[in-house]
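Given next are the chains, with one letter for each unit.
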Amino acid sequence: MRATGNILFSGVGGQGILLASEITAYSLLAAGFDAKKSEVHGMAQRGGSVTAHLRYGDRVYSPLIEPGRADIQVAFEMMEAVRYLPYLHKDSKVIVNTQRILPPAVATGKTTYPEEVLAHLTVHRIAVVCVDAFDLAREVGEVRTANMVMVGALSVFLPVDPAIYEQVIGTRVPERFREVNLQAFAAGRRASA
Amino acid sequence: MTKISNESIWLSGNEAIALGAFEAGVKVASGYPGTPSTEILENLSRYDGVYTEWAPNEKVGLEVAIGASFAGVRALATMKHVGLNVAADPLFTASYTGVRGGLVVVTADDPEMHSSQNEQDNRNYAFAAKVPMLEPSDPAEAKEFLKLAFALSEQLDTPVLFRITTRIAHVKGVVRKGERETSAVTAGIEKVPGKFVMLPAMARKRRVAVEARMLECRKMAETMDCNRIEKGNTKRGFITSGVSYLYVKEAFPDAAVLKLGMCWPLPEEMIRTFAASVEELFIVEELDPFLELHIKAMGIACHGKDLIPNQGELNTTIVRSAIDPSTSAKLFPAVDLPPRPPNMCPGCPHRGIFYNLSKMKVFVSGDIGCYTLGFLPPLSAMDTTVCMGASVPIAHGMAKALGEGAHDKIVAVIGDSTFIHSGITGLINTVYNDSASTLIILDNSITAMTGQQQNPASGGNIKGEAASAIDLETLCRAIGVKNVFTVNPHDIPGTKKVMKEAVALTEPSVIISRAPCVLLPEMKGKKTVAYFTNQDNCTGCMACIRLGCPAISWTAFAEGEAEIRGYKKSQKGISKIDEILCNACGQCASLCKFKAITRGEEK
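Read top to bottom, the protein sequences are chains X and L.
If you read the first sequence in numbering that gives the first Met the number 0, its first letter stands for residue 0, the second for the next number, and so on.
If you read the second sequence in numbering that gives the first Met the number 0, its first letter stands for residue 0, the second for the next number, and so on.
Among the clues, some could well be false.
Derived SDA-like pairs (lysine to any residue); straight-line CA-CA distance at most 20 Å [stated by the list, open to error]:
| no. | chain 1 | residue 1 | chain 2 | residue 2 |
| --- | --- | --- | --- | --- |
| 1 | L | Lys575 | X | Val105 |
| 2 | X | Lys109 | L | Ser569 |
| 3 | L | Lys525 | L | Thr597 |
| 4 | L | Lys194 | L | Ala70 |
| 5 | L | Lys230 | X | Arg58 |
| 6 | L | Lys523 | L | Ile579 |
| 7 | X | Lys89 | L | Leu330 |
| 8 | X | Lys109 | L | Pro340 |
| 9 | L | Lys190 | L | Ala200 |
| 10 | L | Lys129 | L | Asp156 |
| 11 | L | Lys176 | X | Arg58 |
| 12 | L | Lys481 | L | Arg513 |
For the chain X half of the interface with chain L, some residues (derived, Cβ under 7 Å), not all of them [to be verified]:
| no. | residue |
| --- | --- |
| 13 | Lys36 |
| 14 | Ser37 |
| 15 | Pro62 |
| 16 | Glu65 |
| 17 | Pro66 |
| 18 | Met78 |
| 19 | Leu84 |
| 20 | Leu101 |
| 21 | Pro103 |
| 22 | Gly108 |
| 23 | Thr110 |
| 24 | Ala126 |
Rough simulated footprint, nothing fancy, chain X against chain L, three-plus residues with beta-carbon under 8 Å [said to hold, decoys possible]:
| no. | segment |
| --- | --- |
| 25 | 162-175 |
| 26 | 237-248 |
| 27 | 336-342 |
| 28 | 417-425 |
In case anyone wonders, no lab produced these hints; they're calculated from the structure.
Think of the CB as a built atom: it goes at the ideal place given N, C-alpha and C, for glycine as much as any other residue.
One chain only, chain X, in its complex shape (with noise of 0.2 Å):
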């Protein structure tokens, strides 16, 4: 019996999270592994913190993530690295796409975006991979693939032959966008490997 793996997903509402977590679960699928995730659907969507909780192995009871046990974190954006930090575990990865996205009260003067905000997890040695997403997805030609380049990058650590993560994208993105996703994928397995 394997053990049930962990996956956070952490961002920012509408950065693509959900199609990069949907991926990543349809490529385990694929490999033989049963699959729960859980997200939130609703008020928290609206460019307020979302995660989605991925968890994979030979059968899945929980769809949630206890605290202290997400192996590995993808964040999209750079404090929603940290935000999460009491899931994480000392031997947790962290992937983290270099963007910052202000909240509102960065936005509107009240307070400044953290300094160094990834000291957070490194000061307790975790291991973090910074991942330029959003500088490599446009370097394929296409910005919006910035989710893809974390799938990517997050695929390096995961149990799946790369090939498969191939042919899922191949049926779940419309065909007009296949390449320059593949090409995003790719880029994202680069940056972390």
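Given chain X, work out where chain L should sit, using these hints.
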């Protein structure tokens, strides 16, 4: 094995319920959008052979389903937990009439209040309305149990309540496709007055039938597959249902478990047998001590809410550490970060109205929708939110309580869909009983918060086909409102003039704020020419910043930076528009007095 294939697919609980309804041969489904229930009807509307619709509210939705059931077809009504309060009236009497075609009511509860104003536990409705309730634990069970619910409904001549929670509705898991069933009931008109006409004399007879049915259901519960004992270590035994079962299985994988798929009525003999077989009995359930109360009433000793919290969601950690406090793990501490609450979108038409309200020093009686976010800073322009439609009567009640001189201090705010849901009757009361409160209807042509559902004023049906659209101005006038104004909320100064005029009136007034939601597909598809900040002209007055638009941000100047950059020495910083995020509503431009905000084409 769980491997996905042609037969096994990966679905959310709500998608699984839609598939279950299709496989159960449901012919008519109605409901009102509400998180976390919305996607059930949305998905079901994509299947062939099922009629689906958005009703104006949950009461109407359930009544439509009752009608379909009386006509002899399988019918489904869906709603969020608080929606069942609205639909409670038909539910309690449909319990007496019973059904012809199977009738199932899905209630999607929201423990933790992810997107709700309370976290009521709707299992209590099954007890109060005297109907069976099924409660699945995951998407696979959700589909199977829904089919079971229809069979049970027809077999026992009763509506069946079907309870899910957020962690079932919005969880994805592997679901196996099944065969499509057909009901044994024949569709057609059948007059059964003794059953369908609940005059007191007939209702008294049906009251007896209700008790007989529940007794039979209780007996069936003893042998139903959805209630099962999972053998294990009997030192500790757990009785649980719904998503809590999953947390028990992870926290105590070796323990004996009695899993209840039907949480009302309860299988008393099964519970007694299980309780006698374990050394210590624990009831693990979210929110109310529903199972616990009824099990204790059987005279069975057990732990429950003495250990397990009665507020918020549970999870594996909460369950484990409530029962074994020594297992609490040491966690990394949370870091104090600027919060990131949800916010109205860039270009949201509501923002302009709330900006004006924030300047008007009025009490804002609010309602349920995206616009409830008008409560948050920097606008902070909402002073009450209770339930769907409450904004209008609350404003009237306050006006009556405060009497003369208060007419210009109270404004009610409601969305188009919420106004139709249950605001219209409140407005009738305001006019009939004559108070001078002002109502603002935020008409963005869609039910936005739940993710873009059509409504009776939007001009489309659930499938997006053209449908009749209510003319809100004419409706308000027909109710008897003499002062009806229509404004473009993106023109902030122009709207302010109208708002001041309406509020000053000594008789009822309605302002219809009309501009489409920026998330509408037709709005998203529009190639907008973004506004941009002409920073040479920016004086740092912060007028645009005070809108709280996510596309506008403030950059503070360092010591002496203003002068070096050629601004007045006293200027504190400058604002900037993110042209990628900007949806070109122009609200900020309508506020800027220094020509610092201009449209791209005017560059």
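Going down the list of hints, with the structure as the test:
no. : hint                : verdict
1   : L/Lys575 x X/Val105 : holds, 13 Å
2   : X/Lys109 x L/Ser569 : holds, 18 Å
3   : L/Lys525 x L/Thr597 : holds, 19 Å
4   : L/Lys194 x L/Ala70  : holds, 13 Å
5   : L/Lys230 x X/Arg58  : holds, 18 Å
6   : L/Lys523 x L/Ile579 : holds, 13 Å
7   : X/Lys89 x L/Leu330  : holds, 10 Å
8   : X/Lys109 x L/Pro340 : holds, 15 Å
9   : L/Lys190 x L/Ala200 : holds, 17 Å
10  : L/Lys129 x L/Asp156 : holds, 12 Å
11  : L/Lys176 x X/Arg58  : holds, 19 Å
12  : L/Lys481 x L/Arg513 : holds, 19 Å
13  : Lys36               : holds, 4 Å
14  : Ser37               : holds, 5 Å
15  : Pro62               : holds, 4 Å
16  : Glu65               : holds, 5 Å
17  : Pro66               : holds, 5 Å
18  : Met78               : holds, 6 Å
19  : Leu84               : holds, 5 Å
20  : Leu101              : holds, 5 Å
21  : Pro103              : holds, 6 Å
22  : Gly108              : holds, 4 Å
23  : Thr110              : holds, 5 Å
24  : Ala126              : violated, 14 Å
25  : 162-175             : holds (count 7)
26  : 237-248             : holds (count 4)
27  : 336-342             : holds (count 7)
28  : 417-425             : violated (count 0)
Consistency with the previously given hints fails for numbers 24, 28, ordered from lowest to highest.
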